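Asker: Position chains D, S and W relative to chain B; hints supplied.
4 protein chains.
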Amino acid sequence: MIHKIAIIGASGYTGAELIRIIATHPNFQIVMLVANSKAGKPMAEVFPHLRHLNLPNLSKLEDVDFSGIDLCFCALPHKTSQEVISQLPKYLKIIDLSADFRIRDPKAYEKWYGNPHIAPETQKEAVYGLTEFFRDEIAKARLVAGTGCNSATGQFMLRPLLSADVIDTNDIILDMKCAVSGAGRALKENLLHSELSEGYNAYGVGGTHRHLGEFDQEFSAIAGKPVKIQFTPHLIPANRGILATGYVHGIPKDVHATLYEAYKDEPFLTVLPFGTTPSTHHVRGSNFCHIGVTGDRIEGRSIVIGVMDNLTKGSSGQAVQNANLMLGEDETSGLLMAPIFP
Amino acid sequence: MIHKIAIIGASGYTGAELIRIIATHPNFQIVMLVANSKAGKPMAEVFPHLRHLNLPNLSKLEDVDFSGIDLCFCALPHKTSQEVISQLPKYLKIIDLSADFRIRDPKAYEKWYGNPHIAPETQKEAVYGLTEFFRDEIAKARLVAGTGCNSATGQFMLRPLLSADVIDTNDIILDMKCAVSGAGRALKENLLHSELSEGYNAYGVGGTHRHLGEFDQEFSAIAGKPVKIQFTPHLIPANRGILATGYVHGIPKDVHATLYEAYKDEPFLTVLPFGTTPSTHHVRGSNFCHIGVTGDRIEGRSIVIGVMDNLTKGSSGQAVQNANLMLGEDETSGLLMAPIFP
Amino acid sequence: MIHKIAIIGASGYTGAELIRIIATHPNFQIVMLVANSKAGKPMAEVFPHLRHLNLPNLSKLEDVDFSGIDLCFCALPHKTSQEVISQLPKYLKIIDLSADFRIRDPKAYEKWYGNPHIAPETQKEAVYGLTEFFRDEIAKARLVAGTGCNSATGQFMLRPLLSADVIDTNDIILDMKCAVSGAGRALKENLLHSELSEGYNAYGVGGTHRHLGEFDQEFSAIAGKPVKIQFTPHLIPANRGILATGYVHGIPKDVHATLYEAYKDEPFLTVLPFGTTPSTHHVRGSNFCHIGVTGDRIEGRSIVIGVMDNLTKGSSGQAVQNANLMLGEDETSGLLMAPIFP
Amino acid sequence: MIHKIAIIGASGYTGAELIRIIATHPNFQIVMLVANSKAGKPMAEVFPHLRHLNLPNLSKLEDVDFSGIDLCFCALPHKTSQEVISQLPKYLKIIDLSADFRIRDPKAYEKWYGNPHIAPETQKEAVYGLTEFFRDEIAKARLVAGTGCNSATGQFMLRPLLSADVIDTNDIILDMKCAVSGAGRALKENLLHSELSEGYNAYGVGGTHRHLGEFDQEFSAIAGKPVKIQFTPHLIPANRGILATGYVHGIPKDVHATLYEAYKDEPFLTVLPFGTTPSTHHVRGSNFCHIGVTGDRIEGRSIVIGVMDNLTKGSSGQAVQNANLMLGEDETSGLLMAPIFP
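For the record, the sequence lines run as chains B, D, S and W.
Just so we're aligned: 341 in my numbering is position 341 of the first sequence, and the numbers increase by one with no gaps anywhere.
Just so we're aligned: 127 in my numbering is position 127 of the second sequence, and the numbers increase by one with no gaps anywhere.
Just so we're aligned: 120 in my numbering is position 120 of the third sequence, and the numbers increase by one with no gaps anywhere.
Just so we're aligned: 292 in my numbering is position 292 of the fourth sequence, and the numbers increase by one with no gaps anywhere.
Hint data in this document are derived by calculation from the structure and do not stem from the laboratory.
There could be a bad hint or two in this list.
[To be verified] Calculated cross-link-like contacts (lysine-lysine; reagent style DSS-like; alpha-carbon spacing at most 27 angstroms):
| no. | chain 1 | residue 1 | chain 2 | residue 2 |
| --- | --- | --- | --- | --- |
| 1 | B | Lys-188 | S | Lys-111 |
| 2 | S | Lys-111 | D | Lys-253 |
| 3 | W | Lys-41 | S | Lys-264 |
| 4 | B | Lys-264 | D | Lys-60 |
| 5 | D | Lys-188 | W | Lys-79 |
| 6 | S | Lys-188 | B | Lys-38 |
| 7 | D | Lys-188 | W | Lys-4 |
| 8 | S | Lys-60 | B | Lys-188 |
| 9 | S | Lys-107 | S | Lys-124 |
| 10 | D | Lys-253 | S | Lys-228 |
| 11 | D | Lys-41 | W | Lys-188 |
| 12 | B | Lys-93 | B | Lys-60 |
| 13 | B | Lys-111 | W | Lys-253 |
| 14 | D | Lys-41 | B | Lys-41 |
| 15 | B | Lys-188 | S | Lys-188 |
| 16 | S | Lys-253 | D | Lys-228 |
| 17 | W | Lys-188 | D | Lys-79 |
| 18 | D | Lys-188 | W | Lys-60 |
| 19 | S | Lys-41 | B | Lys-188 |
| 20 | W | Lys-90 | W | Lys-140 |
| 21 | D | Lys-38 | W | Lys-188 |
| 22 | D | Lys-124 | D | Lys-111 |
| 23 | S | Lys-188 | B | Lys-60 |
| 24 | W | Lys-111 | B | Lys-253 |
| 25 | S | Lys-41 | W | Lys-4 |
| 26 | B | Lys-41 | D | Lys-264 |
| 27 | D | Lys-60 | W | Lys-188 |
| 28 | D | Lys-228 | D | Lys-253 |
| 29 | W | Lys-140 | D | Lys-188 |
| 30 | B | Lys-228 | W | Lys-253 |
| 31 | S | Lys-228 | D | Lys-228 |
| 32 | W | Lys-140 | W | Lys-4 |
| 33 | B | Lys-107 | B | Lys-93 |
| 34 | S | Lys-111 | B | Lys-79 |
[Claimed, not checked] Looking from chain B toward chain D, a few residues come up when the C-beta cut is under 10 angstroms (computed):
| no. | residue |
| --- | --- |
| 35 | Ile-19 |
| 36 | Phe-47 |
| 37 | Pro-48 |
| 38 | Arg-51 |
| 39 | Ile-118 |
| 40 | Ser-197 |
Treat the numbers as computed from the prediction; the structure is a model and nothing was measured.
For every residue, glycine included, the Cβ atom is placed at its ideal position computed from N, Cα and C.
Bound conformation, chain B alone (with noise of 0.2 angstroms):
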């Protein structure tokens, strides 16, 4: 059975893998594309790499008709994403792949992204988009959040360890480094080539970056107290990849245990031997999920590394993925790709 799906926000990264992954879906197809700012424009245009593709030409969201869509893909920027989502028809199953609908409680909303939520009771409805922890919710859900690509990644490494109890949840440190694709289609002067290529630094240092609010939601929620966790996101020259190397107070083999017995079914999460350490190399492109774990030469301290595609696994990726079970289809569907290397 054919699904017929739509994209609003096409023109961004996040929207292009979503083409991408789904070119080679064998039961999804896309039947409208939406972005305001190209409306009109062929996507041969707009993205060049998809032009073999029988794609529809962007629209305007004013000029769309939702019936006969089955599912709806919504890949806009955080706070346009609930002024749009909260006036599509009630019916239609979407999955929001902004930050609007992650945080449960509105005021950490606000609190960590300025602005007042506008659509509260719409929130209610959504589920939490970290397939793995969340299958049954997602596959009944109307509304699905997609997660941020450095939270997923945070708590692949972190959620089991939390569950068991084998960590201490006072000393937490996730020293993320991030590829530039993650800062979207914008137009900034840091992500100039000639100002990013070549050099690296940090930015929302000292615990001001907002994948804390989910970090926070969703670890305090696991430990049953409140879990504050350091986290220091840099800027890394290379268009694709999140690594995070996690600081933990635990025992390593029991770290590794805990993940590797976590996850030993899982089709896209992979813990590696124990001392092995992973590289967004092997995970390009791809919606696998790599996991490390070592110890330290000070006794008690384990070093956890996860390392995902952000645009894939850590977004369009997980959207495909939750679209699947949503839609019926094999959670696998479309998603097994190898990854691109070199």
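Answerer: Leaving out everything else, chains D, S and W in the frame of chain B:
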């Protein structure tokens, strides 16, 4: 029907690319991987990006039993390739990705490659693997010689123009810009990141590059007279991609129309609208080739630009395309993955 | 004797490069930095790599007093530059890095740049700033027009060959590979790291690139007849560098000897031994230009390859070299820093 | 007064960087270059970016006469370095850039480097070359051991904090991001452009990296008790740069004030305003080190970030700085070149 596939030379980039493509091929199953230098190792160690696949460990050639193999890809360096292939069972369907069987005339082979050909009888069996121009022979062949990646690009740009006699055969220049994976996984100083990134240079200048052997053979055959082009490759700091800028004497609109007409039904070859220039960004990781044509302010001069991914359409993708023909599969089977961008 | 230097347009890359060079110039002192869009800001914020220098804050042009300034560099976009320079004091020595005073004929300027020239009288004062060919005029000039970076590269490769009449003026092709800083610090989608890194493409094809205005002007003047070359620039994923591959009809040994003879006493122009190919790696961050010559297998064809750093020898280094002449300093003063590698 | 300089190990990156710096040093003259593996070759062939300099050809060590040499830089791999240096004339001033004389305790050396120290007597003469902390000893030394690039970065960030006792010595984490030139010019698969560009990974995890030997030695000496930090290096796809993110327990304002006070008169060490994060972009190719301090949302935690160019301040720049002290030159002589950006 599932075809059982072997790959000899599985520890190099074209070997890995074959596996990447076949990973999502509906009817190919990899049952044997050979790499003498790394025999005994699991692929998860040699190419960790392929660790999610259920692949056999690497074997030594001498330990291999080819009965039951439907097709064998051979991704060895030239010279080694002819030694190995001449010893393989004569019933075995083979696609060679090296240069060893591309040149029909053993003397021409020796001239360009420096070593005498040791398997001239096997050479006689070989069909030149430029799929779009040799489909029928490839479908019936036992041994197919994959083309050079540079020469494939140049031929897609020029063959129809020579056939239609719309350009001057005495004044053809191909200025080529090649990404580094074309040089393979060899340990050479000039391929180190420190030596290569952030700079670029010509190499093999002055009509000395080996792919000229293929250009001479093919273009002269089409034109019915000796055709010698000028060809200068440049090494560019990127991992995948070939871009060839062709300077020819011919009427731009005729040049464009000829190419457009030649390829209008081809699934993988796209001639862009007149005046549009292609980019390697838009074919990366895919089996597509884009060709653009523009005029020049000097009347009677045309500029033809072709791009492809050297590892995919330029090598392993072409090989799978040929394998599909040889095994009775749809020619595009397993090859319709969209390019990866960014 | 210390010369007091002003820079207008100090927030762009060529402005920053002027400051980088002048930082170790023994006799130049920067006393004024102008950048209207960022006026009031300290340079440590606009270009943090210059924070160790004791630089004045950025000023608005209207707030500036030019008395006491010995020389003013103007690193503004074209069109703006002529508006500003025509309003500056008539006694002020100026080096303009824009395109506005490079083209002697205002009609030719308008043809290539699309806007009429508003300061044709000032234009008449301007000396073309290709140092090695206009030393005497530059030394006496009040206003020097820095050349285009692409056109400087091409001229160093071709001027002596045209003067000596050793190549055919009807068949000259320059295939140019340009790093991205040449496009400046403008916020354009195609200059984003995500869009540019790992891929490359031609642009300004078909004889439309503005630097052709300079080539036409200069080459026709040398040859004493209209000379039209073919020129195709390509955008390469690197920050600094120009490499031009020149295809000419002429005897290789004569071509090499002519260039070698022309430049053998030049401090910044090096003609490599015959058959050696230059690399942008080897001139990065320096004021040097390397030129290599090889033959082709087709008799009577020569390949000339030139490389330079577009920001240094192609722009700000050339400007300082000219300033040295205009202020009576040694021509190489402040310009002998070695290239940076890797 | 001109000092005559020899460089042993001139065919590697730190050797080339020494030459790049000395090229514009007013009082240093290179009179001898040694590189056994490439003896007899001109530098224009080994490092074409240095071809404009009038350098001696590379020599074999055995052919060299050290009389008349004022100072010798030794840029060999560790283990080889101690073998060579122990055979050099005892009167010769030497700066060793290898690891061989950094560790005062031969047993600790053997533990970290795997081989016994063969020149323990020579070791006793060696002064640790972290200029800003050992100026007086360096000025009087015959043999100075250049520090590791990573350990220099970490020490600049942490020494004043340990001296002032403003951080907890039991909880210090350095998460380091290293560019690839730090790995040298060795032919290793993981250093190939195809393997490295567009991805990143940790290495030497778990407290195994050799630079911990220096951290342990120096930090324990300052604290007057054993101090063991956690240190995880990551390989980043860039050629030059070190960025270390330090996670410490200490009051942010105190941490910043302590560092600011310690370095306020240092020409090469800059502590940025509180809350500002440094970037490797802003020190590339220069001898400067930038340090930033921020707080965290968790009270009592500070984040200290340090950046430098591994080849310059991290190695060859430090060496020239030390040479200036040893030869009575101004400490900054030849070292004030501005960073190169972009």
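Asker: Against the earlier hints, flag every one the structure doesn't satisfy and list their numbers going up.
Answerer: 1, 4, 7, 14, 25, 29, 34, 39
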